[in-house]
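Each of the two chains sits in its own frame; use the hints to bring them together as a complex.
Each protein sequence line maps, in turn, to chains S and C.
The letter at position 369 of the first sequence is residue 369 when you use the working numbering, and the numbering goes up by one with no holes.
Plus 386 on top of the position in the second sequence (first one is 1) and you've got the working numbering.
Keep in mind the hints are simulated off the structure, nothing from the lab.
Check before you lean on any hint, since a few could be wrong.
[Claimed, not checked] EDC-like cross-link-like pairs, simulated, lysine to aspartate or glutamate; straight-line CA separation at most 16 Å:
| id | chain 1 | residue 1 | chain 2 | residue 2 |
| --- | --- | --- | --- | --- |
| 1 | S | LYS172 | S | ASP40 |
| 2 | S | LYS193 | C | ASP414 |
| 3 | S | LYS20 | C | ASP414 |
| 4 | S | LYS226 | S | ASP40 |
| 5 | S | LYS20 | C | GLU634 |
| 6 | C | LYS611 | C | GLU576 |
| 7 | S | LYS193 | S | GLU161 |
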Amino acid sequence: MRDVCVVGVGMSQWGEVWRKSLRQLFVDAALEAIDNSGVDHLDSLYVGCMSSGLFVGQEHLGALMADYLGMPGLPAARVESACASGGLAVRQAFIEVACGISEIVMASGVEKMTDCSGSDATFALATAADQEYEVFNGATFPGLYAMMAHAHMDKYGTTREMLSAVSVKNHKNGAKNPAAQYPFEVKPEQVAKSVMIADPLRILDCSPITDGAAAVIVTSVDVAKKLGKPYIKVLGSGAATDYMQLAQRADMTKINSATLAAERALKMAGKTIKDVQFAEVHDCFTIAEIVLLESIGLYEPGRAGPATLAGETALDSKFPVNSSGGLKSKGHPVGATGVAQVVEVYKQLTGQAENGRQIPDSPRIGMTQNMGGSGASSVVHIMEVA
Amino acid sequence: MAGIVGYGAHLPRHRIKVEEIAKVWGADAPSYKRGLMLREKSVPPPDMDTITLSVEAAKNALKRAGNIDPADIGAIYIGSESHPYAVKPSGTTVAEAIGATPDIHCADFEFACKAGSEGMFVALSHIDSNAMKYALAIAADTSQGAPSDALEFSAAAGAAAFIMGKDNLVAECLYTHSYMTDMPDFWRREHQFYPQHGGRFTGEEAYFAHTKGATKAIFKKAGMKPKDFAYAVFHQPNGKFPQRVAFELGFTQEQIDPGWLAPTLGNTYSGASPIGLTATLDVAQPGDMILMCSYGSGAGSDAFIWKVTERINEVRDKAVRTRKLLDENLIYVDYGTYAKFRRKIRKND
Chain S
1 MRDVCVVGVG MSQWGEVWRK SLRQLFVDAA LEAIDNSGVD HLDSLYVGCM SSGLFVGQEH
61 LGALMADYLG MPGLPAARVE SACASGGLAV RQAFIEVACG ISEIVMASGV EKMTDCSGSD
121 ATFALATAAD QEYEVFNGAT FPGLYAMMAH AHMDKYGTTR EMLSAVSVKN HKNGAKNPAA
181 QYPFEVKPEQ VAKSVMIADP LRILDCSPIT DGAAAVIVTS VDVAKKLGKP YIKVLGSGAA
241 TDYMQLAQRA DMTKINSATL AAERALKMAG KTIKDVQFAE VHDCFTIAEI VLLESIGLYE
301 PGRAGPATLA GETALDSKFP VNSSGGLKSK GHPVGATGVA QVVEVYKQLT GQAENGRQIP
361 DSPRIGMTQN MGGSGASSVV HIMEVA
Chain C
387 MAGIVGYGAH LPRHRIKVEE IAKVWGADAP SYKRGLMLRE KSVPPPDMDT ITLSVEAAKN
447 ALKRAGNIDP ADIGAIYIGS ESHPYAVKPS GTTVAEAIGA TPDIHCADFE FACKAGSEGM
507 FVALSHIDSN AMKYALAIAA DTSQGAPSDA LEFSAAAGAA AFIMGKDNLV AECLYTHSYM
567 TDMPDFWRRE HQFYPQHGGR FTGEEAYFAH TKGATKAIFK KAGMKPKDFA YAVFHQPNGK
627 FPQRVAFELG FTQEQIDPGW LAPTLGNTYS GASPIGLTAT LDVAQPGDMI LMCSYGSGAG
687 SDAFIWKVTE RINEVRDKAV RTRKLLDENL IYVDYGTYAK FRRKIRKND
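Chain C extracted, bound-state conformation (with noise of 0.2 Å):
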């Protein structure tokens, strides 16, 4: 059966607070932390962009996967709206940059915010396949949100690495379940800056219906319940829809806590679920059951079901902890400064 062998996420240690935007646009902040539960968010600074970390976060999960020859990593496949280039692929930098080259086959992925998942899924497939020994897959964004725009308040930055494989496993994929339909929610044309969305829309059709949808259809071929869970993961564009979405499908504040970072962290977009799920391996005991079920708009969900193995005890401090690098050691940064990192802000060549 396949599984994680490693895992590791890397985030910025810049952050915004939501006051800092609202303040910029005549925005009412607290209506926006109380309808959207969002505090602050991370932003990456200049040097930062969806390939460096996704070097950090496959860095993370290779200590994670213990003396693991990176020669043996069969597939690359990194999910997410952030490329930094429209042609040519961020897998290979990243690759070379961690050891896995040359014989490896490289895919990016784009599914809005479940590329990410995406690429976990695949990977899945080659090691059940036996096409592979290993197989990386990354979640990773510098998620783009127009200024002024309620996006602006949640776009934020962080990557997750899952290397997949078959023996020494973390966590066991039980199922996975994919569950798609044409849905126009959230779109980015070629040669835009940012997106646009729905609004209200992309809530009740877009991200309910699907994330539910790609849930209740994993329980039915698992025969399982949120019971059975110690702990779920969503896709968390904002704070409020992950725990809205847990409780009507009967998840308490409790299984979703550890993954739940939206309110500190903002909406990583391919990162959101994935870098969830590390900071929920990060605390799961042996045993343990995970849900993980992403979103990504156009629109999809992925559904996996992890069990957690004696492994995880042994290889959690192997790399720094998603909280920590969540909560501590922070910078915050006005709004004028975000805008320079983020390049909002014109200048000739």
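Extracted from the complex, chain S is given alone in its bound form (with noise of 0.2 Å):
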């Protein structure tokens, strides 16, 4: 297996992009990494989406995106993995570069979620959890986190102060990134006083509905010193499976997909997770942050709470999560939030993270780990400035 970079990234417009189509938006990020790459082709063309078939009514992303960047004839594919596509759609160019399959791969990922109503656009997201057991039953996700929220603030004594502060802060990092959909701040208060979802969790502890793409290129070390753009080194990724349903894990308080992928992740960089400076994660739901925090070893269960609260993931802290603003601050077009995590890792670790959202110290190595539906997928990469 050989090594494999990340080489020019690009992110179309996020938010409620009413004016720009499912492809459009893929076309955008799509063409902006091939610029800031340098590339003069691809071998072939990764689309991360959750679902567009019941978003907008569209299936076949492979070929309609490699036909919408003008290069008919590319082998393209579309992943799905839930909210976990675009992550699944960087592993999968990392497989086909470290394998030597192919030079030069595109990882993107895309979700055009506005163009349906509210509750088609709930339906379409509770389709990645189990439709038989949990949706049947009356479940919808935010209902399915606030269950995990409940449990960890029985077993941990969790408050609401704590997931407040992880909503203050990724929306403090967010109102530095010019690509996210609400760019503001919010204070604790705001946050415990916003309109209750599905106790405990209220509309600013939930991540937004959101319209946009992100791309990557993925190659070859050999290509990437050619190309004599800023480039970043893939040293791990990890990918892993729970029980679907959230009843039938042993605890509620745990994500064992993010622990399972983030071992793998690590093992294959050969380095543990205090080798990691920084991470990007995903905070579908606060409580989700510090759940995933806990569960890839960072922090000893039940001490990701006080540690946030406490500032300790703030951008400036011990150990930043979340510099671009999360799922929460950016937005969370569910295909393209995995590949959008290692925009943000490559920005940081190249030194271009915009408006003072730049990590103090220059740090060397960053994770991603993306997550599909309550947890049931999970996708983790470990990346090292070149």
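Written as structure tokens, this is what we have:
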């Protein structure tokens, strides 16, 4: 297996992008990644997308996106693992380059979520849960994560203030991100008093519905060197699954797929979690970030909440988490999120984070953790300065 | 130059508070009150519909028009989303009730919430072309909002009527501008009880884009700026939208205050900006310039620049003022009564 790099990243506009379609969002991100990398062709394309069929009635995205990128004939495939589709697209591109089948592969993700009604979007998202045992009985994602939050509060004494601290931190970071859907700061009391969605989760605990796309160029070290553009090395890639139903998991306060994916990625990288200096994690809800920081081994169970409240995961603190603003502030176009996490790590490691969002002291190793559904799938990547 | 000879409004006395609706549906009343700037809305009782509201508003307009002969009214246009009949005009009944038949042209207008201003636009054209002495334009609605939908917190009832003519004007119409694109933001198909809408899309791409489009175009036509106006009236689907669009265009709260009725009236759909104009005329002084800009989903805006004349002081109290209709002699109803009034409860015949 040979070394793999990311060279060149791109993002479309994120938000309620009513004037751009699914394919146009993709093309915007893809062209930016191509321009930034300087590549003159692609050998293949992966498109991460969760549910374009339900959101806009369009499937067969591999061919469609290759076509609209002006590259008919290109080998292209859509990959899907619910909200981890983007992370999985990066992983597939990594595998294809690592094993030597291709030299230059685009990993992309896209989702167009605001063309349908809120209830249709909620239905589409809920297909990432177990339709027969969870959704049929009335569960929604806010409901499932609310149960996880209650379990975590009961077991470890996690508090409202700790949940709010996640939202406050991520909005503070997102306020500096020109790509963010909600680039503004929020105060803890605003989070605590925002509209209730599923007790204890309030609207400012929840990531939004977003239109957007992201793309990265994955290639070999040889190609990256020749291109002469800033690049980073992908040291490790890990993926894992877990029981689909929350009810079947032994402990609702952990996300086992994240633990396994992180262990596998770190093992491949020859690193431990202590070597990692910052991370983008899948904060679809504030409780998710707390649970994930414990599940990837950064904190002992029950410690991530107090640590967040103490500011340990802030941009200028000892382990910055979600410097991009995370899903909460930057937005969550589900299929694009995992790719956008890599975009952020690329920017941080190459010193290109905008508007004072750069993590101090030039970090050398960063992690992305992207998750599907209530944690039934997870993809982790470890990246290092080249 | 064509303009308004007489104007009048009519509103139901009944009101329902946002809290009362929110209580039934488990909604968060403070967030609706804060987010949409709505406190209560008008509710039409069972014996009130677009036709009866129109008759009352037209009678008030006739009072302010002075001694005109209703038979001299050459056209009657009623704009509404809630004409009682699908086939058969509202205007015939209203024209008959005010004694304007039979030598009169009649049409019911439909363009979501700008149906009323469309009628005003066409009525002014008849006067400008000397086709008739007077033309009556009425904006009236008993608006529909599906139970538990965000629209239910705003959908209200009311009417405004304007008799257009050339002589004895209350306000002269200096400029008009219509602005329209094909925009699926809010719709109701035939046989459906309630409209559907595209959530926030109805704001940015629809309401704000068209309201600003029409207003900026009429500014250009007239060579005028916000500070040239004493008052401005915008379509008001809630309290927040007209305030935001006013501020973004450069108007102040003082300029919109007289016609900013939605916080306690709700959204009277076709009636919204025309009723706001009646409330503004009620307090305007001779020489004042007033901007009015409607918005109708689908989508478009009609903008008008009015110049108030000396005659305003003479006529404003010849009929009831709109703020009095809005603020006085109110009857608050609970959700059950409201549901009965709005025929939301199905009975056997």
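Going through the hints against the structure:
In summary, the hint linking LYS172(S) to ASP40(S) is not supported, as the alpha carbons are separated by about 38 Å, beyond the 16 Å threshold. For the hint pairing LYS193(S) with ASP414(C), the CA-to-CA distance comes to about 11 Å; that is within 16 Å, so the pair holds. Of the pairs offered as hints, the one joining LYS20(S) and ASP414(C) is violated, with about 33 Å between alpha carbons and a cut-off of 16 Å exceeded. For the suggested pair LYS226(S) and ASP40(S), the alpha carbons sit about 12 Å apart, so the restraint of at most 16 Å is met.
Pair hint LYS20(S) plus GLU634(C) does not hold up; C-alpha atoms about 25 Å apart against a cutoff of 16 Å. With a C-alpha separation of about 41 Å, the suggested pair LYS611(C) and GLU576(C) falls outside the 16 Å cut-off, and the hint is violated. Between LYS193(S) and GLU161(S) the CA atoms are separated by roughly 11 Å; this keeps the pair inside 16 Å, and the hint holds.
In terms of the numbered hints stated before, the structure departs from hints 1, 3, 5, 6, listed from lowest to highest.
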